[in-house]
Amino acid sequence: MSPILEIKNLSKNFGGVKALQDISFDIGRGEIIGLIGPNGAGKTTLFNCVAGVEKPSSGQIIFHPDDDTSVQVGGKKPEHVTKLGIARTFQNIRLFDALTVLDNVKIGRHCRTRSNFFGAVFHTPSQQQEEVAIERDARAALDFVGLKVDYHAMASSLPYGEQRRLEIARALATDPKLLMLDEPAAGMNPQESKELMDLIRRVRDSGVTILLIEHDMKVVMGVCERVVVINYGQWLAEGNPHQVAKDPKVIEAYLGSGAACDAA
Amino acid sequence: MNILAFSQYERADWVRLGCLVAAILLPFTPLANEYVLHTCILIFLYMILALGLNVVPGFNGLLDLGYVGFYGIGAYTAGLLTVHYGLSFWVILPLAAINGAIWGVLLGAPTLRLTGDYFAIVTFGFSELVVLFITNETWLTRGPLGLPGIDPPSIDLSWLGGPVIWLEGDSLGVYYLVMALVLVTLFVMYRIQNSRLGRAWFAIRDDELAAVSCGINLLVYKVIAFAISAAFGAVAGAFYARWVTVISPDAFLFWESFFILCMIVLGGLGNIWGVMLGAAILVSLGEVLREILPLLGLPENSRFLFYGLLMVVMMRLRPAGMLPIAAVAAQMKTTSKRRLAWFKKKGSAA
Chain B
230 MSPILEIKNL SKNFGGVKAL QDISFDIGRG EIIGLIGPNG AGKTTLFNCV AGVEKPSSGQ
290 IIFHPDDDTS VQVGGKKPEH VTKLGIARTF QNIRLFDALT VLDNVKIGRH CRTRSNFFGA
350 VFHTPSQQQE EVAIERDARA ALDFVGLKVD YHAMASSLPY GEQRRLEIAR ALATDPKLLM
410 LDEPAAGMNP QESKELMDLI RRVRDSGVTI LLIEHDMKVV MGVCERVVVI NYGQWLAEGN
470 PHQVAKDPKV IEAYLGSGAA CDAA
Chain X
843 MNILAFSQYE RADWVRLGCL VAAILLPFTP LANEYVLHTC ILIFLYMILA LGLNVVPGFN
903 GLLDLGYVGF YGIGAYTAGL LTVHYGLSFW VILPLAAING AIWGVLLGAP TLRLTGDYFA
963 IVTFGFSELV VLFITNETWL TRGPLGLPGI DPPSIDLSWL GGPVIWLEGD SLGVYYLVMA
1023 LVLVTLFVMY RIQNSRLGRA WFAIRDDELA AVSCGINLLV YKVIAFAISA AFGAVAGAFY
1083 ARWVTVISPD AFLFWESFFI LCMIVLGGLG NIWGVMLGAA ILVSLGEVLR EILPLLGLPE
1143 NSRFLFYGLL MVVMMRLRPA GMLPIAAVAA QMKTTSKRRL AWFKKKGSAA
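If you read the protein sequences in the order shown, they are chains B and X.
Under the numbering used here, the residue at position 151 of the first sequence is numbered 380, and the numbers go up by one with no gaps.
Under the numbering used here, the residue at position 110 of the second sequence is numbered 952, and the numbers go up by one with no gaps.
There's no promise every hint is true.
[As the list claims (entries may be wrong)] Straight-line alpha carbon distances no greater than 25 Å define the calculated SDA-like cross-link-like pairs of lysine to any residue that follow: (1) B:284 - X:958; (2) B:406 - B:372; (3) B:305 - X:1001; (4) B:247 - B:406.
[What the hints assert, rightly or not] Covered stretches of chain X (in silico footprint by chain B; criterion: 3 or more residues with CB under 8 Å from a CB of chain B, positions within the stretch not fixed): (5) 863 to 871; (6) 944 to 951.
The hints are simulated quantities; they were obtained by calculation from the structure and are not laboratory data.
Ideal placement from N, C-alpha and C gives every residue a C-beta, glycine not left out.
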């Protein structure tokens, strides 16, 4: 399986704090890969580096490393990264609260459309066609995630689980090749997280690679094909989720050294 | 069939249509006299300004305290082009808009990286600079003496073999002229807010990080907003110059920016119908106060105290404005409910 994203010796410092140190791993095309680690391990920092929100201190993040569209993502602006085909959701949901469900997803189509001020004012034929396409694609994304709410309701009025879904729909509307989900199951009940796992698998089956940060081990075990564990900003372990869960180093990182001895 | 088609309009649409019809018919009612028409022209002028300013704080969530700078630039562009080159009002209008937009880009491109209050301070400084420039560069603007002798707007029908109609002292003609400008502004704003451009602005207003994650270039879209806002400010300025025929720097002082800002906050930040209502209310209130204050023995400028009082009352009763955008209204409602619950809990605990 050829990788879609290659992270090479990635480091990120905030002043004296080494948030990420020399992290390297690959993400295979069409994989569901989990990124786990205790709180403060640097998972979200890694996401932010890939998404362009943070500039890596050193190291490389290469999108499509093996083919001729290969491009260095690290240090690019977030809007460019999205355009390249890397979409994300946020740990604490970030929707456009004062807009409708449909408009939220329509904004996701922004990077794939191009009409401008003059199109908007004069309703040029190309702008009108584009608006129809935006609406169609937005509705398709909403249908895909299975959001069964009034599309003209305000995003802020949705229940928590539905807001998560809406955020995923918005990310999917950008036509990503790689989707990064930051703790999508946080705060969900078991039924909701089960539905979320189904959704993640369906997204993958539609041809999108998934990088997942998650604390809910049921979700990680249930859906991830491979996990990367980081701790204190350092690579700790990598592999099949069930093997990694038995790894004494990983248990130590989560539960302390005493627990690791007990497990051994 | 027609009746069915009508029923899809909401009540609000009927109210708007009613207002438009009333505005068109007003000059032919017994209510109309020179003073009423003059006040209405002023209301329409401020509606253009309010709609233009609304783009920046209302659609993009950026505090702009220097809007009057663009109003001044538009007025002096129109004034100077008229006095020196005798250009027609209809040629000047787009030129003023373009000049306004250029200054909007020149100011916006380097400063829109700033956030919140810092940006507001820069815009405030800009409007002061414009006034200082107008006041001191007397070779160009005649400074505090003002720029007199600007021709009134004209409607040139000579290409149809008709006359050139000068709207000098013709309140009726000016009334319909400025109403047409308001309708054009409203049309542009209405179409933008339902387009990709408008959605990008609303995204920036609601959450900048989420907006960039959707591929929106913050700086580009903020600069576009600033340019469009400035263009409409300049159009209003150009109309103002041709209407009053004499302009001087003291018409473009900081308090004008604040006055327009009050209108859009009062009416409902981000709601194009609301900001027009805000303009109508504050201009009318100004006229009422102009009559009342001398009777109370107060100086005319104390009207600002009443504007302030009105804002305080609004903050208490309708913090999202007279006609808030729906979502904000809903948010405010839940917040105030929560606050009420909190107060009750506090009360029972004590």
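Verification of the supplied hints:
About 23 Å separates the Cα atoms of residue 284 (chain B) and residue 958 (chain X), which keeps this hinted pair within 25 Å; it holds. A C-alpha spacing of about 19 Å is found between residue 406 (chain B) and residue 372 (chain B), which places the hinted pair at or below 25 Å, so the restraint holds. This hinted pair does not check out: residue 305 (chain B) and residue 1001 (chain X) have alpha carbons roughly 56 Å apart, beyond 25 Å. Our distance criterion of 25 Å between C-alpha atoms is broken by residue 247 (chain B) and residue 406 (chain B), whose separation comes to about 30 Å.
Counting residues of the stretch 863 to 871 of chain X whose CB lies closer than 8 Å to any CB of chain B gives 0, so the stated coverage by that chain is violated, three being the minimum. Requiring three or more residues with a Cβ within less than 8 Å of a Cβ of chain B, the coverage given for the stretch 944 to 951 of chain X is violated, as only 0 such residues are present.
This entry does not satisfy hints 3, 4, 5, 6, going by the numbered hints stated previously.
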